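Enquirer: At position 428 of the first sequence (counting the first as 1) the number is 430 in the working numbering, and the numbers step up by one without a gap.
By construction, these hints were calculated from the structure, which means they are not laboratory data. The structure displayed is predicted, hence computed values, not measured ones. The reader is advised that the hints may include incorrect statements.
[Claimed, not checked] Estimated spans, in silico, between C-beta atoms of each pair:
no.	residue 1	residue 2	range
1	Gly234	Asn138	17 to 27 Å
2	Asp354	Phe429	17 to 27 Å
3	Thr347	Tyr197	43 to 53 Å
4	Ser311	Asn138	24 to 34 Å
[As the list claims (entries may be wrong)] Listed below are the simulated SDA-like cross-link pairs for lysine to any residue, each with C-alpha atoms no more than 25 Å apart in a straight line:
no.	residue 1	residue 2
5	Lys248	Val59
6	Lys469	Ala286
7	Lys94	Leu69
8	Lys310	Lys349
9	Lys190	Ala159
Glycine included, every Cβ here is placed at the ideal spot set by N, Cα and C.
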Amino acid sequence: MSEVRTRFAPSPTGYMHIGNLRTALYTYLLAKKNGGKFILRIEDTDRERYVDGAVDVIYKTLRDCGLNWDEGPDIGGDYGPYVQSERMGMFKDYAEELVKKGKAYYCFCTKERLEELAAVQKASNISPMYDRHCRNLSKEEIEKNLAEGVPYVIRQAIPEEGSTTFHDEIYGDITVENSILDDQILLKTDGMPTYNFANVVDDHTMKITHVVRGNEYLSSAPKYNLLYEAFGWEPPMYIHVEHIMKDAQHKLAKRDGDASFQDLLDKGYMTEAILNYILLLGWAPKGENEIFSLDEMVEAFDLSGISKSPAIFDPQKLKAINAHYVRALPIEKFTEIAVPYIRETCKREDVDLDLLCRVLQPRAELFTDIPEQVDFIDKLPEYSTELYVNKKMKTTAETSLDALKKILPILEGLSDFTQEKIHDALFALIEREGVKNGVILFPLRVALSGKQFTPGGGVELAAILGKEDSLSRIRKGIELLSAQ
RNA sequence: GGCCCGUUGGUCAAGAGGUUAAGACUCCAGAUUUUCAUUCUGGCAUCAUGGGUUCGAUUCCCGUACGGGUCACCA
């Protein structure tokens with residue numbers, strides 16, 4: 003077989019839906035898996051929808067994800083141009099070629115007539131379809147209309163009988179009756195191609211071998227096939243992928259707030275995690291591993307793993323995967339990214355950021371959670387003594403008060419307030435008392451933070467807060483518990 | 001409504017005509033742990049439904065229900 007050439011052909015809307023991104027990913031993986039080429043083509047024929055800077059959004063997203071294209075508008079290639087609006091010249095010729103072959107025809111019907119027709123059909127409860135009024139116009143009539151400059155479109159002449167079968171790599175063979183296929187418009191009144199027509203011609207002229215696209219095109223695939231047949235061209239392999247859903251009945255939509263790559267980025271997810279998660283939404287790996295770098299994805303990707311049914315987007319799992327990536331970061335890298343987030347709520351200059359990051363990393367799922375996680379450092383929040391009660395730790399208000407009273411003098415006596423010294427001193431206490439670690443350490447953690455979850459345990463928090471602040475917070479804890 | 005596609009646990013999902021029906025996330029229980037967290041161990045499903053084929057079907061076929069898609073001079 004010749005070289006595999008796949009293409010991602012987005013419209014520049016300024017918005018990269020993750021379903022689209024996932025299509026791009028699969029398209030990319032399919033090409034790379036087979037040592038082929040991944041091509042970017044911008045489909046910008048809809049001028050009304052054109053948004054400034056939208057193409058840059060596509061470039062940036064793809065590049066950030068590592069989905070680098072081998073041919074495209076910015077880098078060129080042998081089959082350009084790669085922006086659809088720049089390829090307009092050729093479509094009319096191709097459409098006329100089809101007319102000559104008897105596979106398409108001129109249609110001079112006015113918009114009014116078509117609307118009327120649709121209304122009548124709708125009223126009698128039959129699905130709207132063009133009635134092929136112009137399909138059998140005489141040569142003379144056509145010539146006359148053309149000469150008079152009557153506006154026209156060119157429509158595809160669907161066979162009147164029989165059925166059309168096309169093959170999809172995921173769904174297998176799909177057959178439909180030709181009788182339900184509409185004589186769709188190929189070339190519009192303004193001489194521009196319709197999307198479906200442009201797609202076929204572009205894919206063929208760019209020598210695309212595999213087309214990965216959303217499931218919404220499954221219904222129009224037979225018409226595509228007929229077009230390829232009409233031209234005498236070899237159709238590409240089709241790979242239709244299902245939608246990403248918000249729930250069982252709704253597609254993940256823009257208004258849901260996490261439908262685009264940018265939305266997810268804004269929520270603090272890492273690019274690698276997003277890509278890894280969407281890979282899994284609709285595709286299943288052969289083995290048990292679910293964590294993949296882009297290179298590993300290329301290695302593991304296989305069309306047979308693509309799912310036939312829609313997948314519901316699960317933020318919880320995305321978060322878990324993100325947590326995995328956050329924790330796998332080298333500590334220097336984690337620190338570099340985390341410090342700005344820490345500084346949002348923790349302005350104190352004397353905190354040991356290295357220590358803080360070290361304890362924060364295993365507890366971080368999202369970088370955007372960090373400000374809230376460290377907000378207690380600058381100022382002890384108001385908290386309820388309920389926090390001191392923990393069944394598992396076997397702590398109560400009484401045992402906690404007792405513990406804090408014992409901790410206080412010990413920490414007061416420490417001249418060298420380092421993590422190591424604090425640890426040794428407190429563990430000596432624990433041993434003397436003959437209690438579980440938690441009985442001493444749990445109340446300390448609560449007193450120092452006023453929070454249920456904290457980055458680090460009591461010892462670490464004490465070291466981070468420093469002697470003076472730690473002691474004052476412990477005294478505050480004793481005061482609160484004594485007041486009960 | 002016509003046509004097309006789908007349906008395995010709360011979610012993503014593997015899987016094969018006869019299996020203890022993988023794995024991941026969540027949840028629950030327990031163990032470690034410088035307490036919470038992390039980490040580790042364990043627990044939670046008869047595969048939408050009715051019928052058929054078969055010695056045997058969740059796996060093959062047909063119907064039903066439910067869900068999605070599509071029926072533009074939009075892409």
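Enquirer: In ascending order, which of the hints set out earlier in this document are inconsistent with the structure?
Expert: 4, 6, 7 and 8
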